[in-house]
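Trainee: Starting from the known structure of chain A, fit chain B onto it as the hints suggest.
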Amino acid sequence: MPIHWTTDQAIALAPDSQVAKAARSLARPGKWQNLGRDEQAYWGECQGSGKNPYRAAVLLEGPAFKCSCPSRKRPCKHSVGLLLLTLIEPNLLREAEPPEWVRKWLAGRAAQAGRKARKRSEPVADPKAQARRAARRMKRVRQGADTLSRWLEDLFRRGLGSLQNEPLSFWETQAARLVDAQAPGLARRVRELATIPASGDGWHDRMLGKLAHLYLLLEAFQRLENLPTDLQEEIRSQVGWTQDQDTLAQQPGERDRWLVVGQRVTQEDRLRVQRTWLWGMRSKQAALVLDFAPLHQSLKSNLTLGADLDAELVFWPSSLPLRALIKTRHATQAIEALSGYPDLLTASTAYSAALSQNPWLEQILIPVENVIPVQTDGDWIICDEQDYSLPLTISPNDGWRLLALSGGHPITLVAEWDGEHLDPLSVWTGRELIPVGGAR
Amino acid sequence: MKPWADLTRAALLGTSRTPVPSFPAPSASLDVLLGELEGETPERRLLASAALFSLWSHVGSHPSPGHPPRPTTAPPDRRPPCPPRAAQHLAEILQGDMGSMLEEWLEVLAEAGRALPHRWLPELLDQAVSLFGKGPEGNRLSQSILRSLDARGRWLAGQHPEWQAFFAPSDPDALTERWESGTRSSRVALLQQIRASDPALARELLESTWNEEDSKSRSAFLATFHIGSSPADEPFLETALAGRSQQVRATAVDLLARLPTSRLVERMQNRLHTLLVLERRLLGQDQLQVSLPDTYDQEMAHDGIKEKPPSGLGKRTWWLLQMLAIVPPDAWSQTWKKSPAEVLTLAAKSEHAKVLLEGWSRAATRQRDGKWTEAVLKHWHDQSRSILSPGRSLYFRDDLDDLIRAVPQKRLESWLVGLARNRRRSFDEANPLFELLSRHHRPWGKVMAQAVLKGLYPLAESRKSTSRVWRWRSALADFARYIPPDLADEAEAGWSFKHSWTKQVDRFLAILRFRREMLKALR
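Those protein sequence lines, which keep their order, are chains A and B.
So the first sequence is residues 0 to 439, counted in numbering that gives the first Met the number 0.
So the second sequence is residues 0 to 522, counted in numbering that gives the first Met the number 0.
In isolation and in its complexed conformation, chain A is listed as follows (with noise of 0.2 Å):
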């Protein structure tokens, strides 16, 4: 658990704010029995409306939450309010032996995580017949994506015009087959197309993008093996195939200093996903850290904006690594540095060097010093000293905060960038780093 969490932090683990505020009533001493902690978790008993007190427990490492009520929300307002509860009164729980049930259940996750290294250790279990299903998969693929290819001429034959007036299941009905063909990365994409013709004004400049841009990638997917093994691995990956995390992450990590500077959460159809950016401070390398839940269950986070990690990542395989996940954290305060790009040309060029290698990257990561935010007409942009700027995407509100936080000195400024939108994620202020902007 990172060092500096702060309540905030804490009532952000609720899956939703009925359970916040269930939670906050619930972190009162008076509430709470039997309450004790070792180095790995905090635990106690909290008086329902049942007979038997809840038993809730806290394990740091994670955070990993336990409690013996009914409720299906994970964590429960008895695991929030407990973590608050130390949070607030830490000197209520004493050092103590954990009681059987803890020492139960942390055996049991003990077990679990024995039980997925061994299984990753094992060989695979039939060569042959992952090969078989291997093969069998590449051709489905590529059998959807030939249909998807003559689809798209066929529909620039027509003219797009006509998509303002297709019903939903035009879109979907392609989007199924892909889904069918094995390749959810394009049936993505192609669901993303659903909502553009009804975006208002400049949806056919939107959309003829979105289509080339798809077209790219089927051109470049039916050219597969006679590219670069790194991009081959891009596409694969744009295309829908997915990574074993655990055999990921027995990869050798990349160790530096990795800063959270940024996070958004966006919803994708029935899933919640968040999008956290780590700047590292040696290799001036951004990564991207994705999680994912269902919309009621609360998303997992042991990484808090502010944080300075001393880890190791490691990344999926692209001709430009980005996305990553966290081998090893060897220890983790707080940030007291940060630099960026020096200007917003440098930031620019970085840029267009990204998408060089990754024609089909979405945004990059820019922490850009030295701008001040700057008002116009009612829109904001933020300007270096060389005297160039770019135009923010931004809600008022955050505007002003910006301009705040600034004060007309320069600032830096984490933002994500994808050629056209600069979203602000951060400010750095030289002490402290602010969150800006974010899914309302």
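Hints in this document: simulated from the structure, not taken from any laboratory.
Quick caveat, the model's predicted, so the values are computed rather than measured.
Simulated DEER-style distance windows between Cβ atoms: (1) B/P407 x A/Q332: 45 to 55 Å; (2) B/R139 x A/T327: 52 to 62 Å; (3) A/Q332 x B/R522: 20 to 30 Å; (4) B/H61 x A/E165: 28 to 38 Å.
Even glycine gets a Cβ: it sits at the ideal position worked out from N, Cα and C.
Mentor: This is chain B only, laid out in the frame that chain A set:
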């Protein structure tokens, strides 16, 4: 960009209807790539061109050179920054459900001599602007926010069209311009600010445009003269009194009444001189002789006395009441050499007792006379109790807030403690203790808080479900704002028995604990 527009148009129509556009490629490398598409079908050519072109422009994306003028830089804050824990509390107040703690948080921040965290300046400035003019509480919070701004906050406000209207420019020309061209609410804000530091300047500004203002504006502007009021305002107020609008005149009367040396007060005293006479007796008790004014004349109208009484009151008694309400009650205790309590007792025994009590109550409240307000409050409580039933009294509830606020805190609380300790009467029956406590909007003393809590525990335990009991339960969250936060643990222990007030008690304790942490972080 022309080529992209061409491509889009072609895509919209479709290759079956229109040929694929060809255009001079903006760069050699793009030219080569486009050339390789020659042999393909039109659709594939169109798709590929679009892909190449889009990628090419993205890779070439470039920040724009040149920019609008940069803002000035903010001077450094004079106060040291707010501690991080305290800033987290502010975040919870602004984003969570502790919104009503803002005023106290700002006060403690000011006491600690710290600056507001910059990241919350936009929200606070927005609040200050939107609360302005929304009643006395909103106004107070708005002023509180504005006072807590340091250099960064004021600088930021200066950059924003709506926020800057609330700050008086120091340059006289800019000030005149802002005065003459602003909206009514920004001009009221301006006057308020200037009245706080230079009342004469505010008066000059208002005088300069008085004749052109409509009555609604005049009334709003004149009301700011409560700030920094002094006898120097009197000539202008007399001018306002001579106007035609009822509302403006009422405001002027209110202001003049608060200047004990004003001629308005003198005129009222002269009128009352003959109407109220104390008959001293050597043997037996003194008596108060009361006569009612005979006629209503122009001078009375000029001095703001309304002719038509509200229903239930005779017109002559109404005139007497208004006159009494203007003269500082202290004048009577001085003249007759009697304490406020003695005067009130005399009044109660006289003819027209109700009118006298009512009039002196209003006068005491207006003057914020500590001795008189205390005497009035106790008198009403002991004698008539009808102060608190709206139908039976002319003394409206809004005034009651001011009355309670005017009584010195120690005396008020020691009296309330006495009431609270008489538990059976105070908490169950229709006793005014509830009304008094719910209007006591200052931090409660420890002794009184404990006495009140001790009265509430049995109430919750009794499981009674009358509306009189429920009102105590509903008021818990409000009380929590004023009870000393150090009592949090004691209160929690006190509530640890089975009762049906769980939800409200949880909220009550949450507020107390939050306040305790809040104060700890800033002290």
